[in-house]
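*Asks:* So for the sequence shown, the working numbering puts the first residue at 1; every next one is plus one.
No lab work stands behind these hints, which were simulated from the structure alone.
Among the hints, a few may not be true.
[Said to hold, decoys possible] Calculated pairs, DSS-like style, for lysine-lysine (alpha carbon to alpha carbon, straight line, at most 27 Å):
(1) K120 - K47
(2) K3 - K90
(3) K139 - K18
(4) K90 - K18
(5) K42 - K120
(6) K18 - K120
[As the list claims (entries may be wrong)] For each label pair, taking beta carbons as the anchor points, the in silico distance ranges come out as:
(7) L229 - D50: 32 to 38 Å
(8) K90 - K209: 32 to 38 Å
(9) D84 - D178: 50 to 56 Å
(10) D58 - D94: 32 to 38 Å
(11) K164 - H144: 22 to 28 Å
(12) D58 - K120: 37 to 43 Å
(13) K62 - H11: 19 to 25 Å
(14) H46 - K120: 40 to 46 Å
(15) N38 - E67: 42 to 48 Å
(16) D188 - D98: 25 to 31 Å
Cβ coordinates follow ideal geometry from the N, Cα and C atoms, glycine included.
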Amino acid sequence: MYKHIFFDLDHTLWDHDKNSHEALSAITDNHGVNNICNTDFKTFHHKYVDINYSLWTDYHQKKIEKELLRWKRFDLTLNAFKVDNEKLAKQMADDYLDMCPKGPHLIDDAHEVLEYLQPKYKLHVVTNGFKEAQYTKIKHSDLHQYFTEIFISEEVGYLKPNPKIFEVAMDKIETTVDECLMIGDNLDTDIAGAQNAGMDFYFFNPENKESEIKESAQITELKQLLELL
1 MYKHIFFDLD
11 HTLWDHDKNS
21 HEALSAITDN
31 HGVNNICNTD
41 FKTFHHKYVD
51 INYSLWTDYH
61 QKKIEKELLR
71 WKRFDLTLNA
81 FKVDNEKLAK
91 QMADDYLDMC
101 PKGPHLIDDA
111 HEVLEYLQPK
121 YKLHVVTNGF
131 KEAQYTKIKH
141 SDLHQYFTEI
151 FISEEVGYLK
161 PNPKIFEVAM
171 DKIETTVDEC
181 LMIGDNLDTD
191 IAGAQNAGMD
201 FYFFNPENKE
211 SEIKESAQIT
221 ELKQLLELL
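Make the full structure from the sequences, and use the hints.
*Replies:* Okay, structure coming up:
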């Protein structure tokens, strides 16, 4: 019987796409980036998303450091539009790191589901990310009220899918893997990490992506947890 539920943060509870889109839109307007790059925001945003994903993959594989990732994603996006302006890239990075984590948007039904689960289980966050940004997201979206413990890869020293991040978490809350459940949207980090730790999971798959995960271990909406747990 489960006593503890671990949630991923970005894309599972906190709507990263919507919050990031709003922040980047404001930043490009403030700095006149669309004119500088001679493009529209949609095109700029699409390129940024691709580059950001690639650099986060490098970060997970320990190919680049945190500080480089933070501004290089903007530098490379500007470069893609033949703009070489490192100063602007770093200004955009600073603005983004200030604005984006304060975004209020959550995945549909997040509050309702957490309010339902909190009296029944101990709820925790296990997230890959930078501690300052992740704590800000949790605070400004009013999620902090639900969680007993928050485990952030930068603080723990291990990134999902390394099972050690889960082992550290379980040691801290004094439990065993059979009492734990992981819920997350990323097959390569959340689900692979849970599998590596021998932990049960639900794969949050709102886009119905093809996977080898059995259907009984998948959900497409958070509110399905109201019936499952």
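*Asks:* Are any of the numbered hints broken by this structure? If so, which, sorted upward?
*Replies:* Violated: hints 1, 2, 5, 6, 10 and 15.
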